[in-house]
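Engineer: Sequence:
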Amino acid sequence: MDLGLSLGCWVEAANIALGATSACIEDVRVLGEEHGIWLELDVAEVGPGASGSGSSGGPTLSASNLETDSGASFKPAEVLDRQVDRGKLLPRTDRLEEALTQFAKTNFAYTSDPIASAQIPEATWSAASRYAQAAALSPREALDETLKWLRLDDTDPRYYQDGLTAETLRIPRAVARTGARLVKGGSDTLLNAVSRTGVWSTMLPTFTSRRAPDRVVLALHRDHASQVSAEEWLQAGRDLLRLWLILARHGLRVAVESQLKDTPLSAAMLCDVLRRTDPHGSFVPFAVFSVGESAGEVPKSHRLVEQES
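Residue numbering for the sequence shown follows the UniProt record's numbering, starting at 1 and increasing by one per position.
It cannot be assumed that every hint is accurate.
[Stated by the list, open to error] Cβ-Cβ distance ranges computed for the label pairs, FRET-style: (1) Glu297 with Gly32: 33 to 43 angstroms; (2) Glu122 with Val43: 41 to 51 angstroms; (3) Arg303 with Asp278: 32 to 42 angstroms; (4) Ser73 with Thr178: 44 to 54 angstroms; (5) Ala123 with Val256: 14 to 24 angstroms; (6) Ser226 with Arg275: 13 to 23 angstroms; (7) Asp144 with Arg177: 15 to 25 angstroms; (8) His302 with Val256: 12 to 22 angstroms; (9) Gln119 with Lys88: 17 to 27 angstroms; (10) Lys75 with Val43: 17 to 27 angstroms; (11) Asp278 with Val43: 34 to 44 angstroms; (12) Lys300 with Leu90: 17 to 27 angstroms.
[Stated by the list, open to error] Using 27 angstroms as the maximum straight-line C-alpha spacing, the simulated DSSO-like pairs for lysine-lysine come out as follows: (13) Lys148 with Lys300; (14) Lys300 with Lys184; (15) Lys300 with Lys88; (16) Lys148 with Lys184.
FYI, nobody ran anything at the bench for these hints, they're computed from the structure.
C-beta atoms are modelled at their ideal positions from N, C-alpha and C, and glycine is treated no differently.
When you get a sec, could you build the whole thing from the sequences and use the hints?
Structural biologist: Below you can see the structure in the form of structure tokens.
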């Protein structure tokens, strides 16, 4: 799921960049299986008489006649300027509802069926967060990869190269330095510390006791995730980026909380929320996030940039 969604976001970002050069991604073919998938893209000029190659080799996701009017075409600068905010988000429910309405009317550009969405009551969010807290620490491979990207020690040369810094994650400096020592010890050291101190449960109330932002879940209409193909996840990822860009146009930022969809019990709670407007529906949640207006300036993580030769 997450791989397909990420690739879909990347494809849509590339399509927006190509749009600035009067081109578009005409076809996307998904090849391979599971974590070994790769994409083949057909890029075509936009204009009268332009046509793509229409070559085959895998399932094709055509963009023909799927581009919709979102009020104005997305610009590359909007993709570059969009930020995730892990800090305090102020609720702006009126703006969120306007953005979701616009998305529902105009931006199901790639998914074959409408995407289900719902706002999650804060009590449900808090309960689901507690059930899902351990998901952020598993599976071990994912945790190890996350630790490689954490930059908590500002004396580490990599701190100013790439990764997720303490500032981006809104971790106080003293806490970050302690965390850096745990991260340096590897996942075993971190897991032992969390298990021994119960720090994960201790942290949660500080997040849920604030004036809470709005909470949103998006889902596909399916009985089970196994019924969703890699092509469909990619399509959903393209639409997900479009929604985030619409939210940004309304002055809103998001903080993604994927662990809520990855834990069976919390995912079931999200489905219960979705069924309040569709009692007989079946849902597979694929995106869960807080959304609101940033309370201040949002720090940026450093990113490695390919140097021109």
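Engineer: Given the hint of 34 to 44 angstroms, check if Asp278 and Val43 actually sit that far apart at their C-beta atoms.
Structural biologist: 38 angstroms, holds
Engineer: Confirm or reject the claim that Asp144 and Arg177 have a C-beta distance inside 15 to 25 angstroms.
Structural biologist: Because 21 angstroms falls inside the window, the suggested range holds.
Engineer: Just to be sure I understand the hint, the distance between the Cβ atoms of His302 and Val256 should be within 12 to 22 angstroms; is that true here?
Structural biologist: 20 angstroms, holds
Engineer: If I claimed the Cβ atoms of Gln119 and Lys88 lie 17 to 27 angstroms apart, would that claim hold in this structure?
Structural biologist: This hint holds: roughly 19 angstroms between Cβ atoms.
Engineer: Given a hint of 13 to 23 angstroms, does the C-beta separation of Ser226 and Arg275 actually sit inside it?
Structural biologist: Check passed, 20 angstroms falls within 13 to 23 angstroms.
Engineer: Check whether the Cα positions of Lys148 and Lys300 lie no farther apart than 27 angstroms.
Structural biologist: 18 angstroms, holds
Engineer: Take a look at whether the Cβ-Cβ distance between Glu122 and Val43 falls inside 41 to 51 angstroms.
Structural biologist: Holds, since Glu122 and Val43 (Cβ atoms, about 45 angstroms apart) stay within the stated range.
Engineer: Is it true that Lys300 and Leu90 lie within 17 to 27 angstroms of each other by Cβ?
Structural biologist: Once the Cβ atoms are compared, 20 angstroms apart, the range 17 to 27 angstroms for Leu90 and Lys300 holds.
Engineer: Tell me if the straight-line CA distance from Lys148 to Lys184 falls inside 27 angstroms.
Structural biologist: 9 angstroms, holds
Engineer: Okay, Arg303 versus Asp278 on CB: inside 32 to 42 angstroms?
Structural biologist: Given about 40 angstroms between the Cβ atoms, the range holds.
Engineer: Assess, step by step, whether the Cα of Lys300 is no farther than 27 angstroms from the Cα of Lys88, and give holds or violated.
Structural biologist: 15 angstroms, holds
Engineer: Do Glu297 and Gly32 keep their Cβ atoms within the hinted range of 33 to 43 angstroms?
Structural biologist: Taking Cβ atoms as reference, Glu297 and Gly32 lie about 41 angstroms apart, which means the hint holds.
Every hint, counting from the list given before, is met by this structure.
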